[in-house]
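Novice: For this one, chain A is given, so just place chain B on it according to the hints.
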Amino acid sequence: MNNYIIEIAYLFATAMFIFSLHWMNDPKTSRRGVVAGAIAMFVAIVATWSAPGVTQHWWIILPIIPAAVLGYWLAQVPLTAVPQRTALSHAFGGLAAGLVGTAKYFYWRYCVADPAMELTTFRMCAIVAEIILGYLTFTGSLVAAGKLQEFKWLPQRPWVYRGQIYVNLGAFALAVLLGFLIVLVPDGSWSSAAFVLIIILSLNFGWMLVMPIGGADMPTVISMLNAYAGLSAVAMGFVLNNKLLITAGALDGSSGLILSIIMCKAMNRSFLNVLFGAFGQVQTSAAGEKKTAKSETPEGAAQILEQASLVVIVPGYGMAVAQAQHRVRELFDQLTRRGIDVRFAIHPVAGRMPGHMNVLLAEAEIPYDRLIEMDDINHDLPQADVVLVIGANDVVNPAARSDKNSPIYGMPIIDADKAHMCFCIKRSMNPGFAGIENELYYADRTFMLFGDAKQVVGELGKQLAGNSGIH
Amino acid sequence: MVDILVLVGVFLVTFLVGVVLILKVPPRLHTPLMSMTNAVSGITVLGGLLLFSGEVETSWCIQALGAIAIAAGAFNMLGGFAVTDRMLKLFKTRD
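Listed in order, the protein sequences are those of chains A and B.
Throughout the first sequence, residue numbering follows this note's numbering, covering 788 to 1258 in sequence.
Throughout the second sequence, residue numbering follows this note's numbering, covering 474 to 568 in sequence.
If we strip away everything but chain A, and leave its shape as in the complex, we get (with noise of 0.2 Å):
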């Protein structure tokens, strides 16, 4: 195929990659975006591979297969661990970003008959962007999707050190000098170590900024991860000289950029902040005075749930870890035959990535115009009779709004606290993730049930559905 069809092949696969994006704004048609998606990808496979000079067909063929078998069964992974599996995909696409710039490096230094006419300053540039945001993809990435399936020998809280963030921003900054120096001299006797060295400071600084982060600052940094690798993909194409690589790479980017900052305004966080990875610092809360929650049974909650007219549902983390959403879903059918309005109040960072419930709710077959954005629910919460809060925690806290104090102060809640009554599904009063004490637990009209979410919602559902063979 000449080079003329293959530049057309690539625009096609452009064009259809703007579709797919446009055609995700909604569930109507988002799924025509994965099949547009899924197109021009072929395309833009089947253009390159058709293209003079490549020959070596079975170094193509052999590592496809594996990856695309245990890439398919790796997607079918329960829900709840959508996460951890889209995390370990941002690591393997870093590590093929890294691997690429690192081989075609070592191809024009060593491989072809005029090095020096081929490693130009920009190329250079372009390869040592590649590198150090492919490497510190892969192994952040993949710290990220350890936390995520929280294996033991991982800290699941932060972990932080005094000084840590001059070690992270120093091994990042020696990376950066090193590779100002070898764009400087590409082929000095000294520069392939120091491309090796670039490699090792990328790949130690992807898992020491992902270490001190954790539980509810995950979206945040999932997002991160995603648009550092569409911009490895970028480099990768300014070195190649490929413009689909930049733009498929741009589009990437740009979700991945515009996704964390939706994420950091939903927790009012500073964008810098998290780039330099000074968050999730553990907060020690102050010892105040004693202060008792009371607690409800499930019986009496179903009874006061069942005379409600309105009635909003705050899913958070810890439904997902309970895997209660089919549950959930169970009550929502016993509150809405007896007609009943229940709707569910979505906060952005609920979950461990951005839009983490909606997906959950939509397993359980919760038709999506019942889920409502923060924003929206909140005019309707001092209409609602009752608020149940399942697994959610500093999404709720009324101190993000009052406490000026509140390592939360500022961030943008759902008003648990303005219905008329609230219960709280909780396994114990241990502070959240955060650690910060949650003044809704005392309020005068909340009411504590505890348990595993997965056991008290089934219990409600229960009770409920034994109520309504009596009337």
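One should not assume that every hint holds.
[Unchecked claim] Straight line, CA to CA, 20 Å or less: simulated EDC-like cross-link-like pairs of lysine to aspartate or glutamate:
1. B:562 <-> A:1152
2. B:565 <-> A:1128
3. B:565 <-> A:813
[Stated by the list, open to error] Ranges of calculated distance between the beta carbons of each label pair, as one might list FRET restraints:
4. A:1231 <-> B:489: 45 to 55 Å
5. B:489 <-> A:1252: 49 to 59 Å
6. B:482 <-> A:968: 22 to 32 Å
7. B:562 <-> A:842: 39 to 49 Å
Treat the hints as calculated values from the structure; they're not laboratory data.
From a predicted model like this one, the values you see are computed outputs, not experimental measurements.
Note that beta-carbon positions come from the ideal geometry of N, C-alpha and C, so glycine has one too.
Specialist: For chain B alone, coordinates are given in the frame of chain A:
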């Protein structure tokens, strides 16, 4: 020099198009959006493919790096599309 400016221009324009499109995606689709764009970043397999397109004889080291890159990119891409489609199948309105 002109070539470089064209490449940078292509990047900036697509990035802006991406920003405009992503801002229109509702939060309820953010998880599928992310696995979708994650699949798109599997475009890095092209880099692996292009490693095998040189006229000059390459060493087995470079071939091995290319093969691993292709495997990693293909895993990223196929897994991303598969899981995105699986999630989107679940989004339903009230019948």
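Novice: Find the hints from earlier in the document that the structure breaks and name them by number, from lowest to highest.
Specialist: none
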